[in-house]
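**Q** Protein chains in written order, with the numbering used here: chain A, 1 to 62; chain B, 1 to 343.
Heads up, a few of these hints could be off.
Claimed, not checked - Only pairs whose alpha carbons sit at most 30 angstroms apart, straight line, appear in this in silico DSSO-like list of lysine-lysine:
| no. | chain 1 | residue 1 | chain 2 | residue 2 |
| --- | --- | --- | --- | --- |
| 1 | A | K27 | B | K106 |
| 2 | B | K121 | A | K27 |
| 3 | A | K19 | B | K121 |
| 4 | B | K182 | A | K54 |
| 5 | B | K317 | A | K27 |
| 6 | B | K160 | A | K27 |
| 7 | B | K6 | B | K26 |
| 8 | A | K58 | B | K165 |
| 9 | B | K113 | A | K19 |
| 10 | A | K19 | B | K243 |
Stated by the list, open to error - So the derived label-pair ranges between C-beta atoms look like this:
| no. | chain 1 | residue 1 | chain 2 | residue 2 | range |
| --- | --- | --- | --- | --- | --- |
| 11 | B | Q135 | A | Q47 | 51 to 57 angstroms |
| 12 | A | K27 | B | K6 | 29 to 35 angstroms |
| 13 | B | P208 | A | I7 | 43 to 49 angstroms |
| 14 | B | T172 | A | I7 | 35 to 41 angstroms |
The set of hints was computed from the structure by calculation and includes no laboratory data.
By construction, the Cβ of each residue, glycine as well, lies at the ideal position given by its N, Cα and C atoms.
Here is how the chains run, residue by residue.
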Amino acid sequence: MTLIFSIILGIVIGVMITKYTVNQMMKPVHSETEATEYVANSEFTVQDDVFVNKSVSKRRAD
Amino acid sequence: MEFNPKTQNLKCPFCDTEMGLEEYKKQAGTDASADEKSSAKQPANPDEEIEGYNIYSCESCGGEIIAEEITGTATCPFCGNNIVVKEKFTGKNRPDYVLPFKFTQKEAKTKYKEYIRSKLKFLPNAFIDENHIDQIRGLYIPFWLYSADVTGEGSYKGDKIKTWKEGNVEFTETSHFDVTRKGNFSFSNIPVDASKEMPDDIMDTLEPFDLSEIKEFDMMYLAGFIANKYDVSDEEAYPRAEKRITNSTHAMLSDTLSSYNSTNTVFENIDIDKKKPDYALFPIWFLNTTWNGTQYLFAMNGQTGEFVGNLPCDKNKVTRYGVIVSLISIVLIYIVTSIFVGM
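This is chain B alone, in the form it adopts within the complex:
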């Protein structure tokens, strides 16, 4: 069975039968083998270990699958069965939440084409003409969701400036203030990706995720997609969340000083009380394409459809654009300057 993002049900790719997750679980409960068949076991023999990889046996056909240690789901190359490596998502490895896919693979391809069409101005023609997608993968990316209670306080020197004219004399009055600010702020569910292989900037750009649609973790949502266990621990990922919390608290304190013409910070203290983070899997479509020997990676938020990726630039198109803009600017500036000089 595969999870269908459109209907949010499980669908059989062979006979198109669909059923809800609860309904499937009920059936699986009466037929325990159904759940077993969609899982894989790690053989007990440690001699079969390869560094960085694990060997699993498919519960459906018995075929052996070699996969990276962090791999959580795979497709059996022998029988095509979608399998979930249960131990990667149980016990202490069990995610708290999962955000199900809402966009299908077909929709991800359409979004990619729309994205390319919107960038035609600077894209090399050869890239557009020869463009093809090497690989498209639906991945559940592990994320830590950080929440924290923050106390921010600061002391500032603020100046308010007033000017007026009396006759031909201009007066400037500067009022000096001692300003104190203190506030309590609660941050909730700041996502930080917990995967070493995912570029942090791409993951950041795909935000925001709509967490009102988040579900309690259930392995059924993973069926038909790739999912990996986290390989960046909560402590390793936290500095990224901490930086965002600190910057945001500073910004909120600074926002209250907007009535002053100028301010100087005497001191500022931001105290973060971090709570235990939640572990969640978020849906991302990844597309790879190659041009001139360079690989380009694109990603789409599988829940909201937000699409990002860097593209190659055609230097000739950029130069042509620059020349046209410069010529227009020269003509406009010449006309405006001539009018003023002539006055």
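Next comes chain A alone, as it looks inside the complex:
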């Protein structure tokens, strides 16, 4: 049982690592969707956090 579990999980992890490595190494071209490095100035004029209410729930800890 342990062996079967290890083989299945090992193959899944192996495929995922391989896919990730190939993508990182061989397909480095991407489209830029943000421009945060071009922010010359930023200023927050409103940062309000208004407390509304609170609720408490309880359950038996196992």
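Could you slot chain B onto chain A? The hints should help.
**A** Relative to chain A, chain B alone:
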């Protein structure tokens, strides 16, 4: 004369004489023909027009050059003179700025070899062995530089969750908040390429450019390189900049909500006041290589040396790598699981 990226001067490729741009301009001022010789004129006869192409005459030898409409610089095939089509960079077509090349062609080739060496793990051996560069070109690519003042505001529902235990009872307290955020953000010089033939993703990956080194446009920087006029207008290119501004503003607003365990957006409004964009030319080295009948394009930022390009994968090498990683994972998981099962 050619622009030398190493010394940032103009250099004669025949006698190696070098002089600064200002010095050259002074000399050209006293000898007007020097500047004339490095330019090309469009013949007045419209019968000579070919659709999509223009015919120019070299001011140095009089040879006729047929080039695409957007072509801004070329080398005369008859006398080898580097020419600039002045009308492509004057009047309303004149760029505001230019970022000069800092890397030479030789350095671009070296970077390409280093890039290939760093990818050996999955590259087909035949690609490495037979690899050769078909073409290497130094191009000034037209870019629009967008600046904008942005007001971003949003209203959110935020929850903070606290848990604790008393005896064998676990308590969860959820505090609910109404959250409001408003801010002003200034974006400056977001580059978007203004050339239809350049792949947008490659241009994006070559960022960032160091704009502290940008210069007022001067045609002298183009000498020895290829430069084209923009063929994507400011309005056509703007949606790409707008998307980046919107995403970044959303990200900055969201960053201020990190103290909450969960948030829901009630509304968010991003108002962009776009300013008139600047038009600039940025330096890129392009390399082409062919393998198995497919062309692979690589590009290097001519200012920073950032190198990008997609490469072919060897399926056998990828499979071998996957099998090894899977085997190692299986052994490690088996050992760890056996220890836990045995406990």
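**Q** Hint by hint, note whether the structure agrees.
**A** Structure-based check of each hint:
{"no.": "1", "hint": "K27(A) <-> K106(B)", "in the structure": "25 angstroms, holds"}
{"no.": "2", "hint": "K121(B) <-> K27(A)", "in the structure": "14 angstroms, holds"}
{"no.": "3", "hint": "K19(A) <-> K121(B)", "in the structure": "14 angstroms, holds"}
{"no.": "4", "hint": "K182(B) <-> K54(A)", "in the structure": "25 angstroms, holds"}
{"no.": "5", "hint": "K317(B) <-> K27(A)", "in the structure": "16 angstroms, holds"}
{"no.": "6", "hint": "K160(B) <-> K27(A)", "in the structure": "40 angstroms, violated"}
{"no.": "7", "hint": "K6(B) <-> K26(B)", "in the structure": "22 angstroms, holds"}
{"no.": "8", "hint": "K58(A) <-> K165(B)", "in the structure": "9 angstroms, holds"}
{"no.": "9", "hint": "K113(B) <-> K19(A)", "in the structure": "25 angstroms, holds"}
{"no.": "10", "hint": "K19(A) <-> K243(B)", "in the structure": "29 angstroms, holds"}
{"no.": "11", "hint": "Q135(B) <-> Q47(A): 51 to 57 angstroms", "in the structure": "54 angstroms, holds"}
{"no.": "12", "hint": "K27(A) <-> K6(B): 29 to 35 angstroms", "in the structure": "33 angstroms, holds"}
{"no.": "13", "hint": "P208(B) <-> I7(A): 43 to 49 angstroms", "in the structure": "46 angstroms, holds"}
{"no.": "14", "hint": "T172(B) <-> I7(A): 35 to 41 angstroms", "in the structure": "39 angstroms, holds"}
In the structure shown, a violation is registered for the earlier hint numbered 6 alone.
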